[in-house]
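Q: Here's the letter readout for the chains.
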Amino acid sequence: MNGLELGTIDPSARISRNVDIGQNVTIGCNCIVYDNVRIGAGSVIGPHCILGEPTMAFYRDRTYENAPLVIGADALLRAGSVLYAGSEFGDGFQTGGRVSIREGSKFGHHCRIGTLCDVQGFCDVGDYCNLHSNVHVGQMSSLGNFVWIFPYVVLTNDPNPPVGPLVGARIDDFAAVATMSVVLPGVHVGRDALVGAHSLVRKDVPPEAVVVGSPARQIGTIHDIKGRSDGQPVYPWREHFERGMPWEGIGYQTWNERRKAGLA
Amino acid sequence: MNGLELGTIDPSARISRNVDIGQNVTIGCNCIVYDNVRIGAGSVIGPHCILGEPTMAFYRDRTYENAPLVIGADALLRAGSVLYAGSEFGDGFQTGGRVSIREGSKFGHHCRIGTLCDVQGFCDVGDYCNLHSNVHVGQMSSLGNFVWIFPYVVLTNDPNPPVGPLVGARIDDFAAVATMSVVLPGVHVGRDALVGAHSLVRKDVPPEAVVVGSPARQIGTIHDIKGRSDGQPVYPWREHFERGMPWEGIGYQTWNERRKAGLA
Amino acid sequence: MNGLELGTIDPSARISRNVDIGQNVTIGCNCIVYDNVRIGAGSVIGPHCILGEPTMAFYRDRTYENAPLVIGADALLRAGSVLYAGSEFGDGFQTGGRVSIREGSKFGHHCRIGTLCDVQGFCDVGDYCNLHSNVHVGQMSSLGNFVWIFPYVVLTNDPNPPVGPLVGARIDDFAAVATMSVVLPGVHVGRDALVGAHSLVRKDVPPEAVVVGSPARQIGTIHDIKGRSDGQPVYPWREHFERGMPWEGIGYQTWNERRKAGLA
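Residue numbers (my numbering), protein chains in the order written: chain X, 292 to 555; chain Y, 292 to 555; chain F, 292 to 555.
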């Protein structure tokens, strides 16, 4: 391999002085690491990435200092991803290629952000959230834990564009928003809810509800949905899906019982 | 900082001979500036940008010469933006990361083009237009001044894809098109009009109209819309929004009176 | 020109040892070519491209070897495109800027994939397919020959996100899917069919049908569509469009007769 030699920092990478790089970190060719970036042990930063991209004030204010960018252990960033200064990412953070994440956001552990996602900043994201390709997360959005968002979904934030004031959407634990849907400003999608593809979500979605359409209307609950092959329930998805989840290999129920007992 | 030292041209940048670089221009690392590019004074070109990207003829015709790319003063291009040969941008032009703008387009002053926008070429854009992230502007589109277009909007141009003939959409001064809407070929969105999120606009939109839905239907005028908090009008937005506008600090009315009097 | 000197391999490009580069290939600056990539004669790889991007196993398995990436003759890849290891592309393959194509896919000859397209892998694509900008092709999608897909279309694959099992969409020869449409998992779009803009396609589309809406409903056949200017039929498009097609200059009918006679 070349351009990305595991465990090494490519000589073509530009690394600022005030950077804290953990043990066994890989940094690929042509990366830029600006001031005040911390990279956790075992992380792999693919080629052409930019870490600590300065915010607008950099260009205007001679006293500008980059806010810290903190990346946890064992991150894996695909080529060309750009993380702005002033955000924070838990352990096991993964991105696809050419992701952009702006300033002021906080991500929990084990989040995966797909190719070309665009997180606009000042967002709050829990643990084990999965954004598929090309998701647009407006400023001030809030995601719980184990949230799934599929390609080309937009979480908006301006009720009267461009006037504001901005108010983010909120997506609760275990909810899933299917492809090409828009969640309007301030809308709250409840725990375990499912938003169907190509929907426009104007009103709050109750927990476990299934909504579809433009504008979206509730058509039932997640318990009404059966698998095509066997006619068995497929939701809540956490009882039927394990890959990459902390309950992989033992199932959600067992994991959750252990967790409640303080064992996981 | 590194990879982007204000006021300097990074030694890793590839600069052609026939390039005209104004005073106090910054060019970041790994940029490519092809033939016949002019960059106005005070501009900042972020890392990994490509200016004057050759058009298809370059690969086929040995006598090819790059058409001029003209960038006004005080531009700010975020990392990885690609501007093709043969377009023209007024002063104060800004892009987010990884914008693509193809040949044959003309942008006025103080336009801002968000992350991942894709302008297909042969477009005519006025002054102070704002394209948020990931807007797709089809060939031959025409935008007035002070137009706002929000994420994932597509301005189309082919009434019978892929047969053509192409006919661009036209968006008039002060109009706003909300996220995930499609404007069909040749459609004319009137001055001050508002297109709601997730709409399919098949017919012309009158000035000051509000349209929503798929297909879009008029539900009122912008004067019917009241702010959530105070119940007061929020449109026309120019009377309620100032950031980045030429009337910042004095308000639209005062600015407009001064402008009419030849003072602004 | 600079950064992309036709017929040369830029010295800044990182080329692995086990790479097979045909005659008269161009590789632009800052490209990375990983192990086991084959590039056909006459191909042009623009700056900042990555060929043979390793799959996830690379980061986990010390015995990992890159699966072969095979690119046919006369390819033209625009700047910043990323092709993963383990896919195969016929002759005359073209991409716009910053395309991503993942592992396990097979493309026929003369396909053109627009700016920012995201092909998720394990897809089967025929000859002369055209994906316009920013198309998202889910894993396990299948496209025939001469298929057109327009900006921001999503071909999905998970009937019960994120549970699966995945089942791709299938688009037959000569079909066209207009902008911002979603094709649901396992849906089959028939030969010569047309999906209108901003549609949600939940059911199979018969050959030659025209469907529109969310959810999409059939409104007629392609023979009902007349050109705006002359009132003449415009579909099937292959009888009215030639640019870049193998029948350019002679028309579809003549080409097809020759083809049937074994002459084309």
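Certain hints may be false.
Identical copies look the same in the list; a pair holds intra-copy or inter-copy alike.
Said to hold, decoys possible - Straight-line Cα separation of at most 25 Å, SDA-like style, residue types lysine to any residue; simulated pairs:
1) LYS494 with ARG403
2) LYS517 with VAL454
3) LYS517 with GLN430
4) LYS494 with GLY504
5) LYS551 with MET347
6) LYS517 with ASP311
7) LYS494 with ALA332
8) LYS494 with GLY518
9) LYS494 with ARG519
10) LYS494 with GLU379
11) LYS397 with SER520
12) LYS494 with GLN523
13) LYS551 with ILE516
14) LYS517 with SER307
15) LYS551 with SER307
16) LYS494 with ASP463
17) LYS517 with VAL458
18) LYS397 with PRO524
19) LYS517 with ASP301
20) LYS494 with GLY481
21) LYS494 with THR512
22) LYS494 with ILE516
23) LYS517 with ARG351
24) LYS517 with GLY417
25) LYS517 with PRO456
26) LYS397 with THR545
27) LYS494 with ILE510
Hints in this document: simulated from the structure, not taken from any laboratory.
Here the structure is a predicted model, which means the values were calculated and not measured.
Q: If a hint holds in the structure, say so; if it does not, say that too.
A: Okay, the hints, checked on the actual structure:
1. LYS494 with ARG403: Answer is neither; intra-copy 27 Å and inter-copy 31 Å both fail.
2. LYS517 with VAL454: between (43 Å within a copy, 11 Å between copies)
3. LYS517 with GLN430: Between. Shortest inter-copy distance 22 Å satisfies the 25 Å Cα cut-off; intra-copy 35 Å does not.
4. LYS494 with GLY504: Cα proximity of LYS494 and GLY504: in one copy and across copies (12 Å, 16 Å).
5. LYS551 with MET347: Cα proximity of LYS551 and MET347: none, with 45 Å in one copy and 32 Å across.
6. LYS517 with ASP311: Neither way: LYS517 and ASP311 sit 50 Å apart in one copy and 50 Å across, limit 25 Å.
7. LYS494 with ALA332: neither (43 Å within a copy, 49 Å between copies)
8. LYS494 with GLY518: Classified as between: cross-chain Cα gap 17 Å, same-chain 28 Å, threshold 25 Å.
9. LYS494 with ARG519: Cα proximity of LYS494 and ARG519: across copies only (14 Å, versus 29 Å in one copy).
10. LYS494 with GLU379: Answer is neither: 31 Å inside a copy and 43 Å across each miss the 25 Å cutoff.
11. LYS397 with SER520: neither (40 Å within a copy, 28 Å between copies)
12. LYS494 with GLN523: Classified as between: cross-chain Cα gap 22 Å, same-chain 30 Å, threshold 25 Å.
13. LYS551 with ILE516: neither (28 Å within a copy, 48 Å between copies)
14. LYS517 with SER307: Answer is neither: 54 Å inside a copy and 49 Å across each miss the 25 Å cutoff.
15. LYS551 with SER307: neither (44 Å within a copy, 50 Å between copies)
16. LYS494 with ASP463: within (15 Å within a copy, 31 Å between copies)
17. LYS517 with VAL458: between (35 Å within a copy, 16 Å between copies)
18. LYS397 with PRO524: neither (34 Å within a copy, 35 Å between copies)
19. LYS517 with ASP301: neither (50 Å within a copy, 55 Å between copies)
20. LYS494 with GLY481: Result: close within a single copy only, 11 Å intra versus 29 Å inter.
21. LYS494 with THR512: Both ways: LYS494 and THR512 sit 16 Å apart in one copy and 22 Å across, limit 25 Å.
22. LYS494 with ILE516: For LYS494 and ILE516, both the intra-copy (22 Å) and inter-copy (18 Å) Cα distances are at most 25 Å.
23. LYS517 with ARG351: The answer is neither: 56 Å in one copy and 35 Å across copies each exceed 25 Å.
24. LYS517 with GLY417: neither (28 Å within a copy, 34 Å between copies)
25. LYS517 with PRO456: Between copies, since 13 Å is at most 25 Å while 41 Å is not.
26. LYS397 with THR545: neither (29 Å within a copy, 41 Å between copies)
27. LYS494 with ILE510: both (14 Å within a copy, 18 Å between copies)
The structure fails hints 1, 5, 6, 7, 10, 11, 13, 14, 15, 18, 19, 23, 24, 26 (numbered hints given earlier, in ascending order).
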